[in-house]
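A.B. asks: Residues per chain are reported as follows:
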Amino acid sequence: MSPTVTTSSAANGNVSAATAAAAARTADAGTQPVTFAKALNTALADSMALEESVLVFGEDVGVLGGVFRITDGLTKRFGTGRCFDTPLAESGIVGMAIGMAMNGMRPVIEMQFDAFAYPAFEQIASHVAKMHNRTKGKMPLPMVIRIPYAGGIGGVEHHCDSSESYYAHTPGLKVFTPATVRDAYLMLREAIDSPDPVIFMEPKKLYWTKEQVDLEALRLSHETDAVPPTEGRAAIARSGTDATLIAYGPSVSTAMAAAEAAALEGRSLEVIDVRTIVPLDDATICASVRKTGRAVVIAEAPGFASVSSEIVARIQERCFHSLAAPVLRVTGFDTPYPAPKLEKYYLPSVDRILDAVDALQWEEGA
Amino acid sequence: MSPTVTTSSAANGNVSAATAAAAARTADAGTQPVTFAKALNTALADSMALEESVLVFGEDVGVLGGVFRITDGLTKRFGTGRCFDTPLAESGIVGMAIGMAMNGMRPVIEMQFDAFAYPAFEQIASHVAKMHNRTKGKMPLPMVIRIPYAGGIGGVEHHCDSSESYYAHTPGLKVFTPATVRDAYLMLREAIDSPDPVIFMEPKKLYWTKEQVDLEALRLSHETDAVPPTEGRAAIARSGTDATLIAYGPSVSTAMAAAEAAALEGRSLEVIDVRTIVPLDDATICASVRKTGRAVVIAEAPGFASVSSEIVARIQERCFHSLAAPVLRVTGFDTPYPAPKLEKYYLPSVDRILDAVDALQWEEGA
Amino acid sequence: MTTTEPRDAIEQVSSKFGITPEDYMLPARTEIHMLDINGKLHPSGQQGAEPGHEYPLPSPKALVDAYEQLVIGRRVNDQNSALVRQGRMAVYPSSHGQEACQVAAALCLGEDDWMFPTYRDTVAVMAKGVAPMEVMAGFRGDWHSGYDPKQYKVSIQSTPLTTQLLHAVGVAHAAKLRGEDTVVLAMCGDGATSEGDFHEALNFAAVFNLPVIFFVQNNQYAISVPLSQQSVAPSLAHKAVGYGMAGERVDGNDLVALLAVLGRAVRLAREGNGPLLVEAHTYRMQAHTNADDATRYREDSEVQGWIAKDPVTRMRTYLADAGLLPQDTEERIAAHAEAVAKNLRDGMNSENVPDPADLFAHVYSTPTTQMAEQAAMLADELAREEDAK
Amino acid sequence: MTTTEPRDAIEQVSSKFGITPEDYMLPARTEIHMLDINGKLHPSGQQGAEPGHEYPLPSPKALVDAYEQLVIGRRVNDQNSALVRQGRMAVYPSSHGQEACQVAAALCLGEDDWMFPTYRDTVAVMAKGVAPMEVMAGFRGDWHSGYDPKQYKVSIQSTPLTTQLLHAVGVAHAAKLRGEDTVVLAMCGDGATSEGDFHEALNFAAVFNLPVIFFVQNNQYAISVPLSQQSVAPSLAHKAVGYGMAGERVDGNDLVALLAVLGRAVRLAREGNGPLLVEAHTYRMQAHTNADDATRYREDSEVQGWIAKDPVTRMRTYLADAGLLPQDTEERIAAHAEAVAKNLRDGMNSENVPDPADLFAHVYSTPTTQMAEQAAMLADELAREEDAK
Ligand SMILES: Cc1ncc(C[n+]2csc(CCOP(=O)(O)OP(=O)(O)O)c2C)c(N)n1
Ligand SMILES: Cc1ncc(C[n+]2csc(CCOP(=O)(O)OP(=O)(O)O)c2C)c(N)n1
Ligand SMILES: [Mg+2]
Ligand SMILES: [Mg+2]
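Protein chains in written order, with the numbering used here: chain F, 1 to 366; chain D, 1 to 366; chain S, 1 to 389; chain G, 1 to 389.
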């Protein structure tokens, strides 16, 4: 489960082929198997090393290193002034981070699980999202709220929510969600560098997946601007011609597996990894759908009034005459996330994606 | 601004013409100009009078009667045990209401303004929405959370959010939003009677609008089941043949005005008042769009990842081959709600709706 | 139940005790303790209570009954931890070391009284009478909760911290409005006291003068975070003052003291004196859950120090010394505990396959069109899979 | 600033005062008051402080400067209320009657200290130096906030209640981490103390031992809800105890006492003794805002009773009696207040037309593709409208 991301040159017009090749060369040298969790951990450490104002705090992020160990070793390396535990109160954590960002810091805070960010919802919706706008840009809030999200790990209730739509619907927030180990590193660094607040959604089922990457080379690429930003740039995770699968975060690997299975049956599916939900890369998505004429949007969250609805709405608004069939969705059901024994029925599966692809009116279409 | 709602007989197949006529006769007798606010107030009073377990509480709902006077007179009539002020804490209000519903009561609580429901988000998303499901139906939560929402009143920040999408995206909640005085009464009564928790979104700009209604006749109709439920039944607020405008809450009157203006130019627009966002009446919406072949969805909330995205997504999923043009949206921009002097640029306007209708590819289409 | 104006409640009850309201609200200068760590009874004047406010010793029968539950509680904790190790269960947050709190929380309540437990309070939930296999539904991953809260007057074990305290307040409020004399015990941990809902719940309970006992098991840790990083108040019981409520702290490994303190709290609450906050000092002997590694944040020596204070050993010694544990009683209790453990083992070993259709059946009282559509979609998918076999 | 371990801070500071931690945390037995309602100075031993902990009288210069701000503050309140009545302004939550609190809140701070005000604290915001017309941007509906918080070290006036207290904690925490000795004053009302964020802010400040003064203006009402339905604690200052923090209450219509109490609080905080909670007893003389009708929930006689305690009259009498208000001083102050009022009138009367393009310009640091698209859409729409004219 380690999809190779081919960055679409359409979406990244400003990267010269030479730079890309150079980056690829550097990458090959120190490449080794790295987990998604380790990539995030290294991104935090590298950002903290480079910039003193970067602080990490939250519940159990200090000596424990976080329940998923994403902050492992940071307190030891940077001291309790740079990475520390707070009292157990999410609104408090976000609210304090706002004040710190107001006063020159770049806090990177952890919400322990998706549903445990809800106590902070007012601070996020009414302040994090709005401070820059209400002060006409005088008070930017450079801060990152890391949220482990989504399911697939047999978690108990309140530990598996896909909450990205709440944030994506709130103007003023940026919403990032990496799907590969490489992006985990690069996107977190980019989020920390961003002058705007970023909700950084980490698909928790990916924490233990591994990819061959060279973290040191990625660090160099990032710090020398040798890699294009991911913000607003979807990745074409797999090229194809017959239909487009659009996915993000935890669903990208499922979409890739579906594309692989479809290929065996002679159907060529393109897979788009959205990467940043806000801002959304309409251009890459639409270019692909204009090419293929068919699309399926995949997400774990309940479909109703969600990010997946938005992607469908945009595609039909912008590529209507290129569509040979309605854009379909494969999402979580409009039910609360189920108990572990039922999650396999709930989650978008390869079969369900293939069913949706089959339903794209192949007889009548182009 | 008092659109007459003609209930679609398609959506309400189970109402016999005789019953409807009878209701209409009764209605004529005591008809008088009634505000939206008064209709809500009367619905609360009638529910409390009928059923002892109905309780009303929140901030300033007691002796003051609520900042919008929706609870005016209830404490005086029913005593401080039935309608009372709480300490100023929204999570507390919702959390206490949950406990009361667990123990035999039917609380109807008020959040003072849209954005001030956010402190209660965890209680709403993690408990109100889920209690029935997680106990396999053993612990229903009959409760209503009333939320004055949306703009158009020159309000200061945090007082004009259109927050319905957050709730609509949360499985387990029902989301109602009346657009007429008649529906204000009937839908609130229905919400209070519902065995499920209902988020009852009141478009605050409508509070002072008036319609000719007979509240006593409505009470009788409701209590004798002479009117069909609104839950899951959109209303056809105006019949038309050329395109469908789909709106809810504060946007219905704007859509009606646009349809009127379009009629002068010879274009016949059908207007659908969604009424209950959850459950959504796909059938009525799709029947209309299949008939007209064109649709515009209108909502005040930022469009991104919203209820309006969902309606667009569903229409194209279900009526793809009937569509002569992409379904368009006229929504609030993806920005925080602006200060009073700028809200006229932000809100969906008649002109903007007419522009969208004009953009529905009339030349190329059917 | 007398109905008192909330503002007067503290004045009235403190004058009953002949003390100032502030002295009523502030906890006693030290925690209440009745058994020392060797299971010997502290002399009455040395049990921590303010002079004149000593707690009476519970009856021998009450003590032996409580001990029986204590032994069962320990057995339940250890059996469940074993089932997790054997892979029969996904997760179990053990209250090993906190069983005295668990038992006292259940036994202080009358049959119509409600309990609001957390994920860690499985032993208390069972001690209040909920059928063990119904309790286990959540931990085995069948469904989020497996028992009927109304039937047992036990709410679901709450995961979102402290949210349940407000539900407890609501249950008490509803009962009070109907003139019922229900008492509600609302449980949370030391870490949870930092959440905003803790504050709102205590304040609502005080302002509406509701019979709610807030029972905080201060087991010194919130996962890895020690109490010192959670609060710098003299004690968590001191938080009562800010709400105009009485606070008390008690040795949480001393079942006798717990029964005494919670017993009086329930009585005071039932008599209309408003809510109370009780903090029990105890220790989480095992990791937060099986997924946690406690060696990362605490020394083994600290854990060892608490073995000497084990609530089961202390209680057994005391009862044995007092001649209240003849051999047949000990044997009966041990057998009872074994039977409970066997029941858990058997239950967990019998496979239970939840019905996928249930995904849609309980989201609303009656499935909406959307639910019906989605249920049909899944049913169709499963039927096709079945056919393909 | 000395860096003290949070847990030791209370021990250390209380021992400095020679009292127990509990006595340090609990407010003095009564509120602190220096002027009586007739503007006479209470004798030192009768100012409410515990014996040995009397507050020194601020210097004559400090008192006259504060009085000047007090007079301006009253004028600002009344001018703004008039502008609302004249329809020049949509809404203004007046602090009429609370001006002593407003002025003391601003004057107790040093230039690098931060203030976190609410919607009602306009006078305090201006007294801290924010340009009046920048403050008014929000009330006239041009934009949500009109000044640069960094420039003035004054955060935006917060509407979502109590949320700003946490931002104050963050500002103080950042400063402390950099070794700066910034003090932060965080303001809220009596009603706001019931919100969860109040609890979380006080606890975070205490646990991290941050120099934050939580200043509660208890004006007896949260819109229509009286204090008795908000809290049944002996006082709001008593809430300090639950956080291991010191509390004090003060006559909020007594500018002398406010300067003394807040002055000492700021000094203690700056010296590293951690946060403090100060509750001022005052009264909201007017309705909640112009949209509110206070006659629905309180008797006029209650309001009348507070006229006798007016903070401006008391202060003027005291200074005049003390010979600190010669005629030229009085005249200069009156002229200053008039100039401020004229500035407000002129500013509000000059039309300001916000640019619709600003809707999209500040949502993100650099407009996203979506922002640019939507901005272009609006620009196009406006251009077409312009053409149609
Ligand atoms: C609102 C919320 N935030 C975070 C969590 C994650 N979490 C689960 S248990 C726990 C620690 C709780 O500590 P404490 O209240 O002391 O209870 P204990 O586990 O020690 O019994 C945390 C942080 C949660 N369940 N809910
Ligand atoms: C979170 C939140 N809930 C509700 C409101 C609506 N509201 C505005 S002011 C107010 C009363 C505040 O009372 P208090 O804290 O005593 O301050 P005062 O207005 O008396 O200065 C309320 C309920 C709000 N602004 N924010
Ligand atoms: Mg604990
Ligand atoms: Mg007030």
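Source of the hints: derived by calculation from the structure; they are not laboratory data. Quantities reported herein were computed from a predicted structural model and do not represent experimental measurements. Keep in mind that a hint or two might mislead.
Unchecked claim - BS3-like, lysine-lysine: derived pairs with alpha carbons at most 27 Å apart: (1) D/Lys210 x D/Lys291; (2) S/Lys61 x F/Lys341; (3) F/Lys136 x D/Lys210; (4) D/Lys210 x D/Lys344; (5) F/Lys344 x S/Lys389; (6) F/Lys138 x F/Lys344; (7) S/Lys150 x S/Lys16; (8) G/Lys309 x D/Lys344; (9) S/Lys309 x S/Lys61; (10) S/Lys61 x D/Lys136; (11) F/Lys344 x D/Lys210.
Stated by the list, open to error - Stretch by stretch, here's where chain D covers chain G in the computed footprint (C-beta under 8 Å, at least three residues): (12) 193–201; (13) 242–250; (14) 273–282; (15) 358–364.
Don't be surprised by glycine CBs; every beta carbon is placed ideally from N, CA and C.
A.B. asks: Hinted pair, alpha-carbon criterion (27 Å max): S/Lys61, F/Lys341. Please report holds or violated.
C.D. replies: 43 Å, violated
A.B. asks: Are D/Lys210 and D/Lys344 close enough, with their CA atoms no more than 27 Å apart?
C.D. replies: OK: D/Lys210 and D/Lys344 at ~23 Å, within 27 Å.
A.B. asks: The segment 242–250 of chain G covered by chain D? Criterion: 3 or more residues, Cβ-Cβ distance below 8 Å.
C.D. replies: That given contact is violated, which follows from only 0 residues of the segment 242–250 of chain G lying within Cβ reach (below 8 Å) of chain D.
A.B. asks: Do the alpha carbons of G/Lys309 and D/Lys344 lie within 27 Å of each other, as the hint requires?
C.D. replies: 45 Å, violated
A.B. asks: Under the criterion that the straight-line Cα-Cα distance not exceed 27 Å, is the pair F/Lys344, S/Lys389 satisfied?
C.D. replies: 18 Å, holds
A.B. asks: For a C-alpha distance cap of 27 Å, please report whether S/Lys309 and S/Lys61 respect it.
C.D. replies: 23 Å, holds
A.B. asks: Quick one, are F/Lys344 and D/Lys210 close enough, alpha carbons at most 27 Å?
C.D. replies: Violated, at about 52 Å.
A.B. asks: Below or equal to 27 Å on CA atoms is what counts here, so check S/Lys61 against D/Lys136.
C.D. replies: Status violated; Cα separation ~38 Å.
A.B. asks: Please count how many residues of the segment 273–282 of chain G have a CB within 8 Å of a CB from chain D and say whether that reaches 3.
C.D. replies: Per the Cβ count (0), the hint is violated.
A.B. asks: Does the structure keep F/Lys136 and D/Lys210 at a Cα separation of 27 Å or less?
C.D. replies: 38 Å, violated
A.B. asks: Is the coverage entry for the segment 358–364 of chain G by chain D consistent with the three-residue Cβ rule at 8 Å?
C.D. replies: holds (count 4)
A.B. asks: Regarding the pair F/Lys138 and F/Lys344, is the alpha-carbon distance no greater than 27 Å?
C.D. replies: At roughly 48 Å apart (the allowed maximum being 27 Å), F/Lys344 and F/Lys138 break the hint.
Taken one by one, the earlier hints fail for this structure at numbers 1, 2, 3, 6, 7, 8, 10, 11, 13, 14, listed in ascending order.
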